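Participant: These are the residues of each chain, in order.
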Amino acid sequence: MSAIANSIFSPETAARFDHLVTIYPVRRSALVPMLLYAQDDIGYVSDAVVAEIAQRLDLLELDVRSVLSYYSMLRTKPAGKYNVQVCTNISCMLVGGYDLLDHCKAKLGIGHKGVTADGLFSLEEVECIGACCWAPAIQVNYDFHENMTNIKMDAILEDYAAGRGKDVK
Amino acid sequence: MPVLVSHPDEVRILSRRFGQGAAEIDKYVELDGYKAVQNAIANGPEWVITEMKASGLRGRGGAGFPTGLKWSFVPKVSEKPKYVLVNGDESEPGTCKDHVIFLHDPHAVIEGTMIAGLAIGAKMGFIYLRGEYRYLLKIVEKAVADAYAKGYLGKNIFGHEGVDFDIVTQTGAGAYEVGEESALMESLEGKRGVPRIKPPFPAIVGLYGGPTVINNAETIASAPPILLMGGEAYAKVGSERNGGTRLFGISGHVNKPGVYELPMGYSLRKAIYEVAGGIKGGRALKAVVPGGSSCPVLLPDEIDVGLDFDQMGKAGTMLGSGGIVVLDETVSIVEFAMRTMKFYQHESCGWCIPCREGTDWLLKTLTRFYDGGGNKKDINNIQYLAENMMGRTFCPLGDAAAMPTLGFIKKFRHEFEEYLEGKRTEKQFITVQDLVGAGH
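Chains A and B, in that order, are what the protein sequence lines are.
Take the position in the first sequence, starting the count at 1, then add 608; the result is the number in our numbering.
Take the position in the second sequence, starting the count at 1, then add 102; the result is the number in our numbering.
Don't take each hint at face value.
When the alpha-carbon atoms are kept at most 25 Å apart in a straight line, the in silico PhoX-like pairs for lysine-lysine are as follows [stated by the list, open to error]:
| no. | chain 1 | residue 1 | chain 2 | residue 2 |
| --- | --- | --- | --- | --- |
| 1 | B | Lys338 | B | Lys137 |
| 2 | A | Lys760 | A | Lys689 |
| 3 | B | Lys416 | B | Lys444 |
| 4 | B | Lys252 | B | Lys137 |
| 5 | B | Lys525 | B | Lys479 |
| 6 | A | Lys777 | B | Lys466 |
| 7 | B | Lys372 | B | Lys358 |
| 8 | A | Lys685 | A | Lys715 |
| 9 | B | Lys338 | B | Lys416 |
| 10 | A | Lys777 | B | Lys240 |
| 11 | B | Lys240 | A | Lys689 |
| 12 | A | Lys721 | B | Lys257 |
| 13 | B | Lys178 | B | Lys155 |
| 14 | A | Lys721 | A | Lys760 |
| 15 | B | Lys155 | B | Lys300 |
| 16 | A | Lys685 | B | Lys293 |
| 17 | B | Lys300 | B | Lys137 |
| 18 | B | Lys525 | B | Lys512 |
| 19 | B | Lys155 | B | Lys444 |
| 20 | A | Lys685 | A | Lys774 |
| 21 | B | Lys244 | A | Lys760 |
| 22 | B | Lys513 | B | Lys478 |
| 23 | B | Lys513 | B | Lys525 |
| 24 | B | Lys512 | A | Lys774 |
| 25 | A | Lys721 | B | Lys466 |
| 26 | B | Lys478 | A | Lys777 |
| 27 | A | Lys713 | B | Lys444 |
| 28 | B | Lys244 | A | Lys774 |
| 29 | A | Lys760 | A | Lys685 |
| 30 | B | Lys444 | B | Lys513 |
Note that these hints are calculated values from the structure, not bench results.
Predicted model, so just to flag it, every value in this text is computed and none were measured.
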């Protein structure tokens, strides 16, 4: 039973939040992780998510929105089921990051921050993801794929489309 | 999964457990894990700080501040609780060393956090990982849970009455700026990651207003081996005033990119040509960004320099985060400078005007220049803008954007001028397949 009646989150996420607010010296410290975990659960940070998190942390919705707009991983619109993030920062750029991004754009028929018509994939050009020595690197949701090639990219997209892709949240 | 690499010149102090399954607590203990923290409990905080000072360990996040000294700044008596905050918000382009530490040796970070806590009299530590490192966060979370289950964390750790230590793990949600220590504290307090003015420094007024030690994950993970081998022995491995080893991530146009543990002071030329196997395809070296994207570029005739904080400073650049990015002759510096600025413009938090406006105008100018709409005045303008950002912001992000830009203009001014005349770096079409090899 969640601390909040009629929580919009799954029972697991609600239970996690009940616990999360108790572990810090200050309750508000749970805000950034809560926003990200809420997004993992709901798909994006909706108005309802903002409202419930504000209630859970005893903050104004304005406070929550101010923090929400700062962090680049948080989004206020749905992305694809599988968010393909292609790094084009320096180490990846030097070994074909842009080539890979162009390949994804053509393959998926969408641009930066676009979502495919079936809602399966979205595409994002991202800044350094900390996989420079295994460049070019991408993330699909939270899973890293390193030493990428266009051929490897095709296989990965096929795996996700067929529901065989790794997706750990 | 990131590929592990090795080279005979490596000195494996920090990476000795990599690839051996030490993310499992029993394996970690078998490989001398959690011995250093018990020594620290037995010998007391003064001993820990003396050993850390003797080790010559300097902050691995990039600033190179002596770690033992930093710990000694924390007041012994404080009305507010003290904290240890581990910075695992690794986001400097070219840097992926903490990635491998969290993956292969998460308990070293936990043990180091405990040692720092014992040294300063804190009972709580936070390990903050960037939001993109979710799979690593899960590894660290499991390691923390295992340590609690064994009684290494929590109340009366290792059976010592009254010795308590708790660790909380935290995820970020995408922000380079949060890697700056004061912005990191803001983020952990549930706020926008904007920097605080200093002084007061975190050692006096930090997290939740309490005295706080903030160290990079690699710095923290270096503490257990230092206590085990002794500060002096660790110092001897490195160069003068630069103790020990560090993890260097070598990326870009090299044959064997990877994270290598080399002694401080190791030759940059050897790191590129021997350790990382030289330039791909036998092409010529054009430039090296030696310690993450914030560091001014080095030319091929400037790489006979030792990889430590002082020697790199003398060479007019920085050791930074240890992320060595190697550029071959096919790279257009105009394009590279533009891409570097695109990053800083995206990541500037907007708090300080010189950084917010400076990065924006630099990106606009560099983009127009790259797209063919540049003129001769732009080159001086870029330099002028960058020079005026230097030292005029709360945190070092403004400097981090300006310094590499000034380096590109200073060392490659001819290339910017030739670019205006229509001369372009011979861009050979290289596919991803060419670079990473067939069979992928």
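Participant: Please name the hints from earlier in the document that this structure breaks, with their numbers sorted from lowest to highest.
Facilitator: 3, 6, 12, 17, 19, 21, 24, 26, 29
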